[in-house]
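Protein chains: 2
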Amino acid sequence: MAFVVSLGAHPGRSGRVCMSADQNGKDAPILLRAARGELVERPPVWLMRQAGRYMEAFREYSDKYSFRHRSETPEIAIELSLQPWRAFQTDGVIMFSDILTPLPAIGIEFDMVRGVGPRISNPVRSFEDLQNVTAASSFNPERDLSFVGTTLNALRDETAGKTTLLGFVGCPWTLAAYSMEGKGDKNLMKTKKILFSQPDVAHQLLDTLADVISKYIIYQIEQGAQVVQLFDSWAHHLSPEQYEKFSLPYTAKVVTTVKAWLSETGRSVPLIFFANGCGGKLELIKHALQGKVDVIQVDWSVNIADARERLGPEFVIQGNVDPLTLLGAETVIKDTVTKCCEDAGRRHILNLGHGVVQGTPESAVDLFCQTARNLKYAEVVEKLGKQ
Amino acid sequence: MAFVVSLGAHPGRSGRVCMSADQNGKDAPILLRAARGELVERPPVWLMRQAGRYMEAFREYSDKYSFRHRSETPEIAIELSLQPWRAFQTDGVIMFSDILTPLPAIGIEFDMVRGVGPRISNPVRSFEDLQNVTAASSFNPERDLSFVGTTLNALRDETAGKTTLLGFVGCPWTLAAYSMEGKGDKNLMKTKKILFSQPDVAHQLLDTLADVISKYIIYQIEQGAQVVQLFDSWAHHLSPEQYEKFSLPYTAKVVTTVKAWLSETGRSVPLIFFANGCGGKLELIKHALQGKVDVIQVDWSVNIADARERLGPEFVIQGNVDPLTLLGAETVIKDTVTKCCEDAGRRHILNLGHGVVQGTPESAVDLFCQTARNLKYAEVVEKLGKQ
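Residue numbers (this note's numbering), protein chains in the order written: chain E, 6 to 392; chain D, 6 to 392.
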């Protein structure tokens, strides 16, 4: 099991500029090329939450160490990030971390309680609580989240030219809701009370988080991330009207800032956006994020062909197989993957419609990836008579 | 508190034929007229899960009696059904019951565990288990669910001409999934394993349930229900493709059977269909249920104007205010209700987009209902320049 990674020297804030730039050509790995909108030869494949307890190799660590220890100790985070790539040859390696990881760096403390989920010890529910949140201008990921930088640098060295390295963040709404609610909850009663009676508290927190997350994405890119996914995991808690008010403007602020920085520094780093429960919101998302994100990940509540129609031709689409399909018979897995890729057409990155579920057989994840690798768009086009 | 209801004599299987028939005219209550597609003067209003622990009067019963005792003892079920009508003058009274209520009558035993939810002691997961499920032909609601008949008859007497009496059932998919899973679950792993490796077990159970539910709806109508809502509460667990396979055909079978019976017996009883998480499925629902159900209830993940556009003009639309809005300031409640009704246009029944949440202030439910009662379509039309 012991896969030893030499961490080497920390290359510092601008250490990755050249390496990022030189992955612009045809030699770039397939997921990176597809995320940039290039027409590739087959659907690239990775899985949300691909590092997890469903893997025996992962459980050797999760049984021993707490979540925060695992995700904040580079040696362990690196090993856990690489496991699914070694086992299934995924086209992407996503750093092992959590969307809540940056919160302690701005004074919002959390712990991950086994079998329960995250608990925030000092939730933000008033203007007074907001006083204790670090201003975005003082947020310093290089100082306070250096373990993320170390992890990304080492992963980039391990994977260079062979697979695509993904960083990720939570969207302002999702992080704000966690910070207000203090924990996962079916209804978000505490958060919604704030939205509907003291909306200015929410807006101030959202605005701070938008600036913090922008800086954090830029830091991840500087440290080696080739693609960054933004997770709006709690999008489903909001109606379309609420989503237009409390989420999309802040995500738009983040991606506008990041894209401006990418443009200034001459980098090409695609951004993927995922809103959980997006079925009623695709038109809003299209309108708010067109030209600002490159890829839209859709959950499995939507047919991917309908998603393509509703989102228009501009975005690459990622998704969207029901994760529970991986509990099914081999033919069900193969047929579902093939149908998803055929329905999606080209400019598609195969993924699940949500994270891998604990209890999924490793052999099923392997088959999921293999099926994508064996597809050839040339044959799909011939079969369906379409591009 | 003691609201005494005289149960009177049980009117028997056909006791309600005349009463149903005589509610066809302009004297019928507003919700019934709207559900039939008539143009009414303002949006009728009721709330899903309007009888519940958020009401102090309800807690006097729920603190003392188990769920099954409450829902299967007519005196209590009647009182609990009437409480929200007395408190908020809702335009509908829905019988206090549960979608799982008919399961024991076909050999599937359940109990409601406080704070946990339903637990089924003999889940159906194989052809062998199916042997223990009563055939639909032997399902006898008059004998095994007479408490439902008694409750509906008494409610009809109490409400006659003053408000609309609603019955309800769970859809075949939702009841089958509960029966296979054995309990509520985030992922339905056990159920999906069956769908994806022994689909014939699921299909056989679904087909039996479709016949059972058809008979159960007919029984509810014979006993006094003026409108019946079908809840596909677990629709969100299925992708659109899965939904077309494992849910819609069986719901279509139910409503086709019931509509044929209504037509034969000369009755006009509108059916309302609710699929939880319907955002990615509205076109499928339209296609499968057009001409077969009268009203589509939409959850709050969809904008109600978009829902109208996607569903076309034929259905009445019910919904879809975020239940958590009722935790907000008065102006937020009023504005949200008004906007929902304006966006929906006419042929709309105001409701929440999901059930009332425990912890909702009774005053907010009252304001929700009042706001609808104070709206006048004549003024809305003038304001918006539309029908």
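Derived from the structure by calculation, the hints contain no laboratory data. Check each hint, because a few of them may be wrong.
For chains that are exact copies, the list does not tell them apart, and a pair is met inside one copy or across any two.
[Claimed, not checked] With a straight-line Cα cutoff of 30 angstroms, these simulated DSS-like cross-link-like pairs (lysine-lysine) come out:
#, residue 1, residue 2
1, 195, 339
2, 198, 31
3, 291, 191
4, 250, 191
5, 198, 339
6, 195, 381
7, 388, 264
8, 339, 191
9, 388, 188
10, 339, 388
11, 195, 31
Given the structure is predicted, the values throughout are model-derived calculations rather than measurements.
These are the hints, each one checked on the structure:
1. Taking identical chains as interchangeable, the C-alpha atoms of residue 195 and residue 339 lie at most 30 angstroms apart only when they sit on different chains, with a minimum of 20 angstroms there against 43 angstroms within one chain.
2. For the identical chains of this complex, residue 198 and residue 31 are neighbours neither inside a copy (51 angstroms) nor across copies (41 angstroms), given an alpha-carbon limit of 30 angstroms.
3. For a Cα distance limit of 30 angstroms, the shortest separation of residue 291 from residue 191 qualifies both inside one copy, at 27 angstroms, and across copies, at 29 angstroms.
4. In the homo-oligomer, the alpha carbons of residue 250 and residue 191 lie at most 30 angstroms apart both inside one protomer (21 angstroms) and across protomers (28 angstroms), since each shortest distance falls under that limit.
5. Only between protomers do residue 198 and residue 339 lie at most 30 angstroms apart by alpha-carbon distance; the minimum there is 15 angstroms, versus 45 angstroms within a single protomer.
6. In the homo-oligomer, the alpha carbons of residue 195 and residue 381 never lie at most 30 angstroms apart, since the shortest distance is 49 angstroms inside one protomer and 34 angstroms across protomers.
7. Taking CA atoms no more than 30 angstroms apart as the test, residue 388 paired with residue 264 passes in neither setting, with 38 angstroms inside one copy and 42 angstroms between copies.
8. With identical chains, the CA atoms of residue 339 and residue 191 are at most 30 angstroms apart between copies only, with a shortest distance of 24 angstroms across copies and 33 angstroms within one.
9. Taking identical chains as interchangeable, the C-alpha atoms of residue 388 and residue 188 are never at most 30 angstroms apart, the minima being 48 angstroms within one chain and 43 angstroms between chains.
10. Only within a single protomer do residue 339 and residue 388 lie at most 30 angstroms apart by alpha-carbon distance; the minimum there is 17 angstroms, versus 55 angstroms between protomers.
11. When the C-alpha separation of residue 195 and residue 31 is checked against a cutoff of 30 angstroms, the pair qualifies neither within a copy, at 50 angstroms, nor between copies, at 45 angstroms.
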